[in-house]
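Protein chains in written order, with the working numbering: chain B, 1 to 370; chain V, 1001 to 1398.
These are calculated hints, taken from the structure and not from any lab test.
What you are looking at is a predicted structure, and each value in this text was computed from that prediction instead of being measured.
Just so you know, even glycine gets a beta-carbon here, dropped at the ideal spot from N, CA and C.
Each hint should be verified, as a subset may be incorrect.
To be verified - Label pairs and their in silico Cβ distance ranges: (1) B:D198 to V:R1083: 38 to 44 Å; (2) B:E261 to V:H1070: 28 to 34 Å; (3) V:P1092 to B:N290: 44 to 50 Å; (4) V:R1083 to B:T285: 41 to 47 Å; (5) B:N334 to V:G1266: 20 to 26 Å.
What the hints assert, rightly or not - Only pairs whose alpha carbons sit at most 25 Å apart, straight line, appear in this in silico BS3-like list of lysine-lysine: (6) B:K313 to V:K1277; (7) B:K313 to V:K1308; (8) B:K283 to V:K1135; (9) B:K283 to V:K1275; (10) B:K289 to V:K1358; (11) B:K249 to B:K289; (12) V:K1147 to V:K1006; (13) B:K235 to B:K168; (14) V:K1295 to V:K1308; (15) B:K80 to B:K273; (16) B:K283 to V:K1308; (17) V:K1277 to B:K273; (18) B:K283 to V:K1277; (19) V:K1275 to B:K344; (20) V:K1275 to B:K313; (21) V:K1135 to B:K275; (22) V:K1275 to B:K273; (23) V:K1308 to B:K316.
Below are the chains, spelled out letter by letter.
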Amino acid sequence: MRNNIMGVLFASDAEDHLNSLTIHRTTASLPFGGRYRLIDFALSNLVHANITNIGIVTRSNYNSLMDHIRMGRDWDLNRKNSGITVFPPFVFNSSHDVYKGKIEALFTLRGFMMSSPEEYVVIANSNIAFNLDFEEVAKFHEEKGADITVLTYHDELNPRKIIVSADKNNRITDVRYAIGGDVGEDLCNLNIYFIKKDLLITLIDNAYAHGAYDFEKDILQEHLNDLYIMNYEVKDYVAVIDRIPTYFKRSMDLLDPEVREALFYKHSTILTKVKDSVPAKYKETADVKNSIIADGCVIEGTVENSILFRSVKVGKGAVIRNSIVMEDSIIMENASLDYTITDKDVIIQPNRSLSGYESYPMVVVKGKVI
Amino acid sequence: MGKNSKKECIAMLLAGGQGTRLGVLTSNVAKPAVPFGAKYRIIDFPLSNSINSGIDTIGVLTQYRPFELHQYIGNGQPWDLDRLNGGIYVLPPYMGAKSGEWYKGTANAIYQNIDFIDNYDPEYVVILSGDHIYKMDYHEMLKDHKKNNADCTIAVREVPIQEASRFGILNLKKNSRQIEEFEEKPKQPKSTKASMGIYIFTWAKLRQYLIDDENDKTSENDFGKNIIPKMIQDNQRLFAYQFDDYWKDVGTISSLWEANMDVLYGKELNLDDDKWKIYARNNAEPPQFITPTGKVSNCLISEGTVVKGTVKNSVISNSVTIGEGAYVEESIIMPGAVIEDGADVRYAIVGWNARIGKNAMVGETLEPCKPGEWKIAVIAPNYNLPADAVVGPNEMIG
Chain B
1 MRNNIMGVLF ASDAEDHLNS LTIHRTTASL PFGGRYRLID FALSNLVHAN
51 ITNIGIVTRS NYNSLMDHIR MGRDWDLNRK NSGITVFPPF VFNSSHDVYK
101 GKIEALFTLR GFMMSSPEEY VVIANSNIAF NLDFEEVAKF HEEKGADITV
151 LTYHDELNPR KIIVSADKNN RITDVRYAIG GDVGEDLCNL NIYFIKKDLL
201 ITLIDNAYAH GAYDFEKDIL QEHLNDLYIM NYEVKDYVAV IDRIPTYFKR
251 SMDLLDPEVR EALFYKHSTI LTKVKDSVPA KYKETADVKN SIIADGCVIE
301 GTVENSILFR SVKVGKGAVI RNSIVMEDSI IMENASLDYT ITDKDVIIQP
351 NRSLSGYESY PMVVVKGKVI
Chain V
1001 MGKNSKKECI AMLLAGGQGT RLGVLTSNVA KPAVPFGAKY RIIDFPLSNS
1051 INSGIDTIGV LTQYRPFELH QYIGNGQPWD LDRLNGGIYV LPPYMGAKSG
1101 EWYKGTANAI YQNIDFIDNY DPEYVVILSG DHIYKMDYHE MLKDHKKNNA
1151 DCTIAVREVP IQEASRFGIL NLKKNSRQIE EFEEKPKQPK STKASMGIYI
1201 FTWAKLRQYL IDDENDKTSE NDFGKNIIPK MIQDNQRLFA YQFDDYWKDV
1251 GTISSLWEAN MDVLYGKELN LDDDKWKIYA RNNAEPPQFI TPTGKVSNCL
1301 ISEGTVVKGT VKNSVISNSV TIGEGAYVEE SIIMPGAVIE DGADVRYAIV
1351 GWNARIGKNA MVGETLEPCK PGEWKIAVIA PNYNLPADAV VGPNEMIG
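Looking at chain B on its own, in the form it has when it is part of the complex (with noise of 0.2 Å):
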């Protein structure tokens, strides 16, 4: 059905803990589970609720971002009305920079708001891979009358979140950075936001008119007590990768039929460009256990507990443990990966062996040669 709800994604975000993987790219267009990009989570959820007018922030090396969703057929977000807009970076006059913080860059997409029809707006970072029904949370802010819904989680791995209190009504009462002491009990800001379109638009012109620029200090923390700022936790699985160990964990996890089902099958199907790859191709020799292959591959060697993207070839003799290997990566004869993570077109030449360690993934970059 018809919904009043728009989309706005941030393509950019902790690139700088992501470094090696994202010199090329987005945070928002980093593979993720074989056939994935970070974005694609985002994105389904929304055409899934029908929200289907969606404002794209980039910041930087938006190239393969725009090379993966192109006009937004993949997503059902080429339409006659509505759509994918992609906002190219916008470099203020004053600064001589492009958007410091989510202020500044909601203050850029100000017209676009302005002409949409919808009354409502998500808006949300893209290095989540989550399943989530973004009609129950539509449902959720009118049912509590709130101003802001903030969308929050537990996070094990990594307390260095924004933490998130809320009283027994879910109103939140407060909102702060994490310090020493916080453990992953807390919850934690998934950093998606709902939120009336007009409020929206105010609260932004006047935070940048007084030079603010940091959205969960200077409008979240600000207005604690004059807005009902509401908590919706997800209890859902939720991967936030910000960090390589998260990004290597988070991929692991995908190993476990449980976190599969809710983040393919729960609510959302996961929807992405499609590249016409032939089925993969498993040889004589070779020996997968535990392991994610997408199509295109070519198998003649030793794959556990890995992760292979499309269209990688894995040598005679090769083996390839506790590892994500991506697209069109060639791993030789009688190469061996363990606890690595080969960008896209890294080959590893013959009898090459390369090993990091679990809270330490090795990360070959983007077209190296071994």
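Keeping the supplied structure of chain B fixed, place chain V upon it in accordance with the hints.
Only chain V this time, still in chain B's reference frame:
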């Protein structure tokens, strides 16, 4: 009303056949919609060949059980055939002002769509069928057609003389590729050049022959039986175009199984070819998963499939589940099928969304068979085979 801009060459794809020899696989869908090669349908081959050959206007003539096929084709986007001018059109039989009727034969199907073709005012029309697996550049064939100043060019291939009586056989003039005689399934074949059912006609010529053929009440309105023999009789210029790359008619269970295996072994037919991609409509599914108990050797497997058992020398389509302790060998498992724990499937084709119950046995290890005469067991699409059931070789269930 507006007019479409002119196209030099358009394709007409005959996709109305029932494919009775595929038995339960085509009880509910037309043959071109039958799954093939782990992620394709048979029709993907002529459609991909067309677009790769630069033909962007295709009429698909449907008749038998067309719903699945219509839905699969949709707006043609997966084959890049959603065009402003041209693109793909599904052409089922329709009612005219004076009369309406089913397609009586291959030629009649084209005859009934003369208006559709005229709309594009083409010089040439390629006639294709939806039951062959092959990669072919129709543009090369068209160049040959033009070079010969031909009225009709027929793609041919060499077949063993003992099999020649199953095909339409072309007899050529001495030292020439010009066709002297066309015999449909001759008892005593004079040559081994078999028609592949792929024709290029100069449209103005074909158009006239279709009209004459329709007026001939004794005609069966068939290209092989009527149109082509008549054109030869009238001394029109008909030429053979030799094609010796991989081509297979997948009209029987045995040949369908064999063609799937040809894709698996990849020697004669390589689909992993960036210059000649075969396109298909894809559902969005997560990549395949091989569990800690799964064992895979010499297989093609597609998206959304989970393998907990052992699979060998098989083609496993998308969204298939192979249960723990299940054993699959020398088989074709179509989309959405479930092979439950402990089931044993050998030399079989399991139809889409079929379910093989726990510990059931389907097919069996064979004594050596003659190629082309494999004793393949077939489980119908959507069929639920109960636990512990036994299905013998060559049996068709459902």
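Evaluation of the provided hints:
1. B:D198 to V:R1083: 38 to 44 Å: Given about 42 Å between the Cβ atoms, the range holds.
2. B:E261 to V:H1070: 28 to 34 Å: holds, 33 Å
3. V:P1092 to B:N290: 44 to 50 Å: Cβ of P1092 (chain V) to Cβ of N290 (chain B): about 48 Å, so the range 44 to 50 Å holds.
4. V:R1083 to B:T285: 41 to 47 Å: Given about 45 Å between the Cβ atoms, the range holds.
5. B:N334 to V:G1266: 20 to 26 Å: holds, 23 Å
6. B:K313 to V:K1277: It holds: about 18 Å lies between the C-alpha atoms, which stays within 25 Å.
7. B:K313 to V:K1308: At roughly 23 Å apart (the allowed maximum being 25 Å), K1308 (chain V) and K313 (chain B) satisfy the hint.
8. B:K283 to V:K1135: The given pair, whose Cα atoms are some 23 Å apart, holds under the 25 Å limit.
9. B:K283 to V:K1275: The given pair, whose Cα atoms are some 23 Å apart, holds under the 25 Å limit.
10. B:K289 to V:K1358: holds, 23 Å
11. B:K249 to B:K289: Holds, at about 18 Å.
12. V:K1147 to V:K1006: holds, 21 Å
13. B:K235 to B:K168: Holds: K235 (chain B) and K168 (chain B) sit about 17 Å apart, inside 25 Å.
14. V:K1295 to V:K1308: holds, 7 Å
15. B:K80 to B:K273: holds, 20 Å
16. B:K283 to V:K1308: Roughly 18 Å separates the two Cα atoms, so the pair holds.
17. V:K1277 to B:K273: holds, 16 Å
18. B:K283 to V:K1277: Given pair K283 (chain B), K1277 (chain V) holds - Cα atoms ~21 Å apart, limit 25 Å.
19. V:K1275 to B:K344: holds, 21 Å
20. V:K1275 to B:K313: Status holds; Cα separation ~19 Å.
21. V:K1135 to B:K275: With a Cα-Cα distance of about 19 Å, the restraint between K1135 (chain V) and K275 (chain B) holds, given a limit of 25 Å.
22. V:K1275 to B:K273: Judged against 25 Å, a Cα distance of about 20 Å means the pair holds.
23. V:K1308 to B:K316: Given that 25 Å is the threshold and the Cα spacing comes to 23 Å, the pair holds.
In terms of the numbered hints stated before, the structure departs from none.
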